[in-house]
Amino acid sequence: MSEHIITPARYSIAGDEFLFVEISEEMSLEAFFRSISITQRLEVESLDGVQEICAANASYQVRFDPDVLSVDVLIARLKALDIEVIQQSVRRLETRVIDVPVLYNDPWTHETLMRFRDRHQDPEGTDLEYAAHINGFNSVEDFIEAHSASPWFVSMVGFVAGLPFMYQMVPRERQIQVPKYLRPRTDTPKQTVGYGGCFSCIYSVRGAGGYQMFGVTPMPIYDPAQTQQHIDDTMIFFRPGDIVRYRPVERAEYDQLVVLAEEGRYRPRVAAFTFDLDAFNRDPDRYAQEVKEVFSEH
Amino acid sequence: MSIEVIKAGLSTSIQDTGRSGNYHLGIPPSGGMDQRALRAANLLLGNAEDAAVLECALMGPVLRFTRELKVAACGAEMTPRINGVPQPINQVLHVPAGAVLSFEFVKAGARLYLAIEGGIDVPVCLGSRSTYALGSLGGLEGRPLKVGDVLETLSVMGAALVGRSMPRSLMPTFGTHYELRVIPGIYDHRLTDEARERFYQEHWSVASEADRIGYRFKGGTPLDFVTRKPPFGAGDDPSNIVDACYPIGSIQVPSGSEPIILHRDAVSGGGYAMIGTIISSDMDLVGQIQPHQTVQFVPVTLEMALAARQVYQADLEQLRRMP
Chain B
1 MSEHIITPAR
11 YSIAGDEFLF
21 VEISEEMSLE
31 AFFRSISITQ
41 RLEVESLDGV
51 QEICAANASY
61 QVRFDPDVLS
71 VDVLIARLKA
81 LDIEVIQQSV
91 RRLETRVIDV
101 PVLYNDPWTH
111 ETLMRFRDRH
121 QDPEGTDLEY
131 AAHINGFNSV
141 EDFIEAHSAS
151 PWFVSMVGFV
161 AGLPFMYQMV
171 PRERQIQVPK
181 YLRPRTDTPK
191 QTVGYGGCFS
201 CIYSVRGAGG
211 YQMFGVTPMP
221 IYDPAQTQQH
231 IDDTMIFFRP
241 GDIVRYRPVE
251 RAEYDQLVVL
261 AEEGRYRPRV
271 AAFTFDLDAF
281 NRDPDRYAQE
291 VKEVFSEH
Chain Y
1001 MSIEVIKAGL
1011 STSIQDTGRS
1021 GNYHLGIPPS
1031 GGMDQRALRA
1041 ANLLLGNAED
1051 AAVLECALMG
1061 PVLRFTRELK
1071 VAACGAEMTP
1081 RINGVPQPIN
1091 QVLHVPAGAV
1101 LSFEFVKAGA
1111 RLYLAIEGGI
1121 DVPVCLGSRS
1131 TYALGSLGGL
1141 EGRPLKVGDV
1151 LETLSVMGAA
1161 LVGRSMPRSL
1171 MPTFGTHYEL
1181 RVIPGIYDHR
1191 LTDEARERFY
1201 QEHWSVASEA
1211 DRIGYRFKGG
1221 TPLDFVTRKP
1231 PFGAGDDPSN
1241 IVDACYPIGS
1251 IQVPSGSEPI
1261 ILHRDAVSGG
1271 GYAMIGTIIS
1281 SDMDLVGQIQ
1291 PHQTVQFVPV
1301 TLEMALAARQ
1311 VYQADLEQLR
1321 RMP
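One line per chain: the protein sequences are B and Y, in this order. Okay, so the first sequence: first residue is 1 according to the numbering used here, each after it adds one. Okay, so the second sequence: first residue is 1001 according to the numbering used here, each after it adds one.
Keep in mind that the hints were calculated from the coordinates and are not lab data. Even for Gly, the Cβ is constructed at its ideal location relative to N, Cα and C. One or more of the hints may lead you astray.
[What the hints assert, rightly or not] List time: in silico BS3-like cross-link candidates among lysine-lysine, alpha-carbon distance up to 30 Å:
#1 LYS1229(Y) to LYS1218(Y)
#2 LYS1229(Y) to LYS1107(Y)
#3 LYS79(B) to LYS1107(Y)
#4 LYS1107(Y) to LYS1218(Y)
#5 LYS190(B) to LYS1107(Y)
#6 LYS1007(Y) to LYS1229(Y)
[To be verified] Short, incomplete list of chain B residues facing chain Y, as computed with Cβ under 8 Å:
#7 THR7
#8 ALA9
#9 MET27
#10 MET156
#11 PHE159
#12 LEU163
#13 PRO184
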């Protein structure tokens, strides 16, 4: 995709302690790679006064101490890093592929979405029916197939503790887009698989949310009690760059996996993987197939 | 055993100066919403300035002390009572063994900070004892206090003098209307000129949804966004953006209707456009505003924010040097 146009990043001060940097107004893996490359370099530099670096889908932010580091100096440094990143075009990421079982159309998100119908674009239907309809699918089943058939790229972690935002690895014309709820809900079941804009997410905790709700996963992804062996002492499972394969499961398997999770015996299927942005851009469908096959090789 | 919780109050949680370094994973700083008051209560007692205290919102807890301890309460005007007898805030109090400490209903401000000599002893979680309730992390089992909880304290750090009080000149005053200073930016170019102008002219009142995650405001005119084709991935409401990080103190306006200031338990990111950020030295004040009270947002420059920051820090220095 050499025709990809590189636009200058937009820097905006946020109060006296934050700098907000928008790489691109729209989502793309190119923007994500630029953002994560700059933030990783800034991390390595450990500049005096930089307190927290948060990468996001197509932007990032830096919290800094203005008594130590002036925002002008910070911006100048980030602009220089941006130029380096664009020129060197490192576009490979050592990452992992993770199998995430999903019970689509589950009873718990269904109960919740019915409770908040007055905040929804289509009070007569369900979130799945609405998403299927506006994306031109003939049935909810076809929509679920499209949602789970191709892998997802974790392009941001946040909102609440450990929630992954995921971007589907398909050509843009096939990407699903849905609006967020008209007004955010005050409740979302834990481990709900949600959708807003072009992003799928997994809600790590029960709480407010504005994304459409499609299902739930039995897989714990946040572990404040530190009882899940697949989650390290950061308490957070996902990292930006992880690749997720959603696997639709039936209720019986879901229930079994929930029991395993409750007993601290859940073991997600995880495989090491090298993601190459150029190889992906050349043939997204073949690449998706490679990701899919990563587990059968093991 | 040190302190038994007889009534929990409206929302009482253990807080210190907060944790940093985990926001990129969605774990916010937490910590006292009014950091100045939290620090002042500790400083009065001779505790470490960042010791864990109780943050008590609007309606305080009822506590039974099973051994004698010194305490100090700073922040909102919620008169403490020891065995029913009213006591001053901003002063070191002696609570005898067996006594009950309670609070009158709040007169001004919204959050009182009760420091206890030694500081509250709960495990340090990711570098802080602060409660992050949304993530069930820190504090006591990751939640606000409830009836039957028992609080322990760490060993005493300093020798606080009963009766030591904050000089009147350092005591905060709380009103019913506030001006909050904002550096406009981030996505404020997406507002129409009229909407932006009106946002800073009108009075906004605090809605009932005002907590440690965010303060929601209502009563102003809904904000109009410039019409445009939504960028890919953002969602089609004009207030939507491709999900990004939210700075603490940033103001988002979902669907243009009710602005929300994110505070110390903030969600770390999401898809609503932010139109500016409260300056750091005014964040303590946000946590002291009661529901239904009003604010006016005042646009300022970075230079003005940095000057206000100097004033804030000089004020903290004075607290550290108080006699």
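Taking the hints in turn, this is what the structure says about them:
1. LYS1229(Y) to LYS1218(Y): At roughly 28 Å apart (the allowed maximum being 30 Å), LYS1218(Y) and LYS1229(Y) satisfy the hint.
2. LYS1229(Y) to LYS1107(Y): At roughly 49 Å apart (the allowed maximum being 30 Å), LYS1107(Y) and LYS1229(Y) break the hint.
3. LYS79(B) to LYS1107(Y): 50 Å, violated
4. LYS1107(Y) to LYS1218(Y): 23 Å, holds
5. LYS190(B) to LYS1107(Y): 38 Å, violated
6. LYS1007(Y) to LYS1229(Y): Judged against 30 Å, a Cα distance of about 53 Å means the pair is violated.
7. THR7: 12 Å, violated
8. ALA9: 13 Å, violated
9. MET27: Since chain Y brings a Cβ to about 3 Å from MET27(B), closer than 8 Å, the hint holds.
10. MET156: 6 Å, holds
11. PHE159: 5 Å, holds
12. LEU163: Given a least distance of 6 Å, the restraint on LEU163(B) holds.
13. PRO184: OK, holds: PRO184(B) within 8 Å of chain Y, min 6 Å.
Of the hints listed earlier, those the structure fails to meet are numbers 2, 3, 5, 6, 7, 8, in rising order.
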